[in-house]
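Each chain, written out:
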Amino acid sequence: MKKLNLAILAMFAGILYANAQSPADTGTYKNRTLQLEEVNIVSSYYHQDGDRAAVTGGIGTQKLTDLSNSIQVTLSKYDTHDRKHTWNVELGIDHYTSASSDNIDPKTISSASAADTRFYPSVSWEMENKNGRTYGAGVSFSHEFDYQSIGANLLFAQKTHNKMGEFSLKLQTYQDNLKLIYPIELRTNGGSGGYGEHEDYATAGRKTYSGSISWSQIVNSRFQLMFLMDVIYQSGYLGLPFHRVYFNDNSVHVEKLPDSRLKIPLGIRANYFVGDRVVLRGYYRYYHDNWQISAHTASLETSVKLSPFYSLTPFYRYNHQQGTKYFAGYQAHTSADEYYTSNYDLSSFDSHFFGAGIRMMPPHGVFGWQHLNMMELRAGHYTQSNGLHANIISLNLKFK
Amino acid sequence: MTKTTCRLVLLAAATAMLSTACTTVKEYQKNRLNDGEMTLGNRKVEKTELSFESYREGASGANGAKSGGGCGCN
Numbered sequence: 010m011k012k013l014n015l016a017i018l019a020m021f022a023g024i025l026y027a028n029a030q031s032p033a034d035t036g037t038y039k040n041r042t043l044q045l046e047e048v049n050i051v052s053s054y055y056h057q058d059g060d061r062a063a064v065t066g067g068i069g070t071q072k073l074t075d076l077s078n079s080i081q082v083t084l085s086k087y088d089t090h091d092r093k094h095t096w097n098v099e100l101g102i103d104h105y106t107s108a109s110s111d112n113i114d115p116k117t118i119s120s121a122s123a124a125d126t127r128f129y130p131s132v133s134w135e136m137e138n139k140n141g142r143t144y145g146a147g148v149s150f151s152h153e154f155d156y157q158s159i160g161a162n163l164l165f166a167q168k169t170h171n172k173m174g175e176f177s178l179k180l181q182t183y184q185d186n187l188k189l190i191y192p193i194e195l196r197t198n199g200g201s202g203g204y205g206e207h208e209d210y211a212t213a214g215r216k217t218y219s220g221s222i223s224w225s226q227i228v229n230s231r232f233q234l235m236f237l238m239d240v241i242y243q244s245g246y247l248g249l250p251f252h253r254v255y256f257n258d259n260s261v262h263v264e265k266l267p268d269s270r271l272k273i274p275l276g277i278r279a280n281y282f283v284g285d286r287v288v289l290r291g292y293y294r295y296y297h298d299n300w301q302i303s304a305h306t307a308s309l310e311t312s313v314k315l316s317p318f319y320s321l322t323p324f325y326r327y328n329h330q331q332g333t334k335y336f337a338g339y340q341a342h343t344s345a346d347e348y349y350t351s352n353y354d355l356s357s358f359d360s361h362f363f364g365a366g367i368r369m370m371p372p373h374g375v376f377g378w379q380h381l382n383m384m385e386l387r388a389g390h391y392t393q394s395n396g397l398h399a400n401i402i403s404l405n406l407k408f409k
Numbered sequence: 004m005t006k007t008t009c010r011l012v013l014l015a016a017a018t019a020m021l022s023t024a025c026t027t028v029k030e031y032q033k034n035r036l037n038d039g040e041m042t043l044g045n046r047k048v049e050k051t052e053l054s055f056e057s058y059r060e061g062a063s064g065a066n067g068a069k070s071g072g073g074c075g076c077n
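Sequence lines, in order, name chains X and C. First residue of the first sequence? That's 10 in the numbering used here, and the numbers climb one at a time after it. First residue of the second sequence? That's 4 in the numbering used here, and the numbers climb one at a time after it.
Note that these hints are calculated values from the structure, not bench results. Mixed in with the good hints there might be a few duds.
Stated by the list, open to error - Straight-line C-alpha distance at most 27 Å; calculated DSSO-like pairs for lysine-lysine:
| id | chain 1 | residue 1 | chain 2 | residue 2 |
| --- | --- | --- | --- | --- |
| 1 | X | K139 | C | K29 |
| 2 | X | K172 | X | K39 |
| 3 | X | K72 | C | K50 |
| 4 | C | K50 | C | K69 |
| 5 | C | K33 | X | K314 |
| 6 | X | K314 | C | K29 |
| 7 | C | K50 | X | K179 |
| 8 | X | K409 | X | K314 |
| 9 | X | K93 | C | K69 |
| 10 | X | K168 | X | K216 |
| 11 | C | K29 | X | K39 |
| 12 | C | K33 | X | K86 |
| 13 | X | K93 | C | K29 |
| 14 | C | K47 | X | K179 |
| 15 | C | K33 | X | K39 |
| 16 | X | K86 | X | K139 |
| 17 | X | K334 | X | K139 |
| 18 | X | K216 | C | K69 |
| 19 | X | K86 | X | K172 |
| 20 | X | K216 | X | K179 |
Isolated chain X, as found in the complex:
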């Protein structure tokens, strides 16, 4: 009898455990009140250095550090038509120090431009119905001392009947406004040369419109693919006013770039589950724009499952870029050039980015804290063939 009781208890515990692990769409119960789904905190520390800063015309230090923090809260509920509504509320704060920005006015030992804080909240909503159709919308805002942006987006997605494929369309716009802070020696208004809140700078606009389409497809029980294409059109002031360009006659000018740009990137993702412990995540992108920049980017991440709850994720990314025709280095432009920049981000180069991450999702919470559902730590080293090198370390904590 005692054995029978124990068997029944074990069975009951098994059922409870199985129910606790089953996904939300069992059809038996759907939460109709707004519920906290998860909270994600992402923090990163980024440091770069090099010797080709655009602020000083393609020469000079590119030393920069950036500390970035964001918190994203995801809430969800089902309505009376069994449609799932999901809200994402995000707040991000980045603080950076930049030696090259400090050279907007090199006469100061350390001016206010040496550091800035970017603040960027956003809100989005999505609704998915029983037929696998999703509608969504979102707004965003970004503020830093010399740059403000308001963004909006609309989303439509539709799964196929057999749920093997999904088409998605996202339309986005950013309406940006930047303060025209010129290098100190090129200011014509006889300003104080300072860089403070009370300076009266002229402003310029930048508008971005983009359409992103994607198709994701399950190929078999181990393999899935996604095709992506964006069409991005930008207009307005597309350079940065504090980027110097030195001509071959030793005169100094502000970077001048066309007032429109059309970018077309095409991408493909492929994820493959090898055996029971390894996931290969591949990505390739071809990019072309009407400034004659073209690029090939490929990356591979291997997720090795050390156990069902711990994964190690080494990764490598390669990028080859053919630079814009408007680029030339220090004292290489001539007065005959209509457009000119010495920003090495727009030049020809190869870049390599490699590193590894560790992901922990123990069943009783990270460090035994039940609400800390997942922790991921990732570090990488980035190099460009033009001498820029950077290190980044990021941490994601997921609470449920």
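Following the hints, complete the assembly by docking chain C onto the known chain X.
Showing chain C alone in chain X's frame:
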């Protein structure tokens, strides 16, 4: 045929071949596809990496991240 047209034809052919190669996977067979590592998108921990790549490189987009605008990047 231009290089771009040739690439588009190759892409369309590869897509057509893949779509015919697909096998229907039932919900109960999706345990591997539903694994967190199989997500067809960026992970949250990659957020800052994607930002600095869009600042430091001329190319951006087709990766679910920002592709211009919204910041002082390209």
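Straight-line alpha-carbon gap K72 of chain X to K50 of chain C, limit 27 Å: holds, 21 Å
Against the 27 Å threshold, does the CA-CA distance of K409 of chain X and K314 of chain X hold or violate the hint? At roughly 22 Å apart (the allowed maximum being 27 Å), K314 of chain X and K409 of chain X satisfy the hint.
Hint consistency between K29 of chain C and K39 of chain X [alpha-carbon to alpha-carbon, up to 27 Å]: Within the cut-off at roughly 22 Å; holds.
Just to be careful, I want the Cα atoms of K33 of chain C and K86 of chain X compared with a cutoff of 27 Å; is the pair within it? Roughly 24 Å separates the two Cα atoms, so the pair holds.
Hinted pair, alpha-carbon criterion (27 Å max): K216 of chain X, K179 of chain X. Please report holds or violated. holds, 17 Å
For a C-alpha distance cap of 27 Å, please report whether K216 of chain X and K69 of chain C respect it. holds, 14 Å
Next pair to validate is K47 of chain C with K179 of chain X; report whether the Cα-Cα distance is within 27 Å. holds, 19 Å
For the pair supplied as a hint, K33 of chain C and K314 of chain X, confirm whether the alpha-carbon distance does not exceed 27 Å. holds, 18 Å
Has the given pair, K314 of chain X with K29 of chain C, been kept, meaning a C-alpha gap of at most 27 Å? holds, 24 Å
Decide if the proposed pair is consistent with the structure: K86 of chain X and K139 of chain X, CA atoms, cutoff 27 Å inclusive. holds, 14 Å
Within 27 Å, alpha carbon to alpha carbon, are K50 of chain C and K179 of chain X? Holds, because 19 Å separates the two Cα atoms, which is no more than 27 Å.
Are the Cα positions of K50 of chain C and K69 of chain C separated by 27 Å at most? Since the Cα atoms of K50 of chain C and K69 of chain C sit roughly 10 Å apart, the hinted pair holds (cutoff 27 Å).
Hints 10 and 17 from the list above are not met by this structure, while the remaining hints are.
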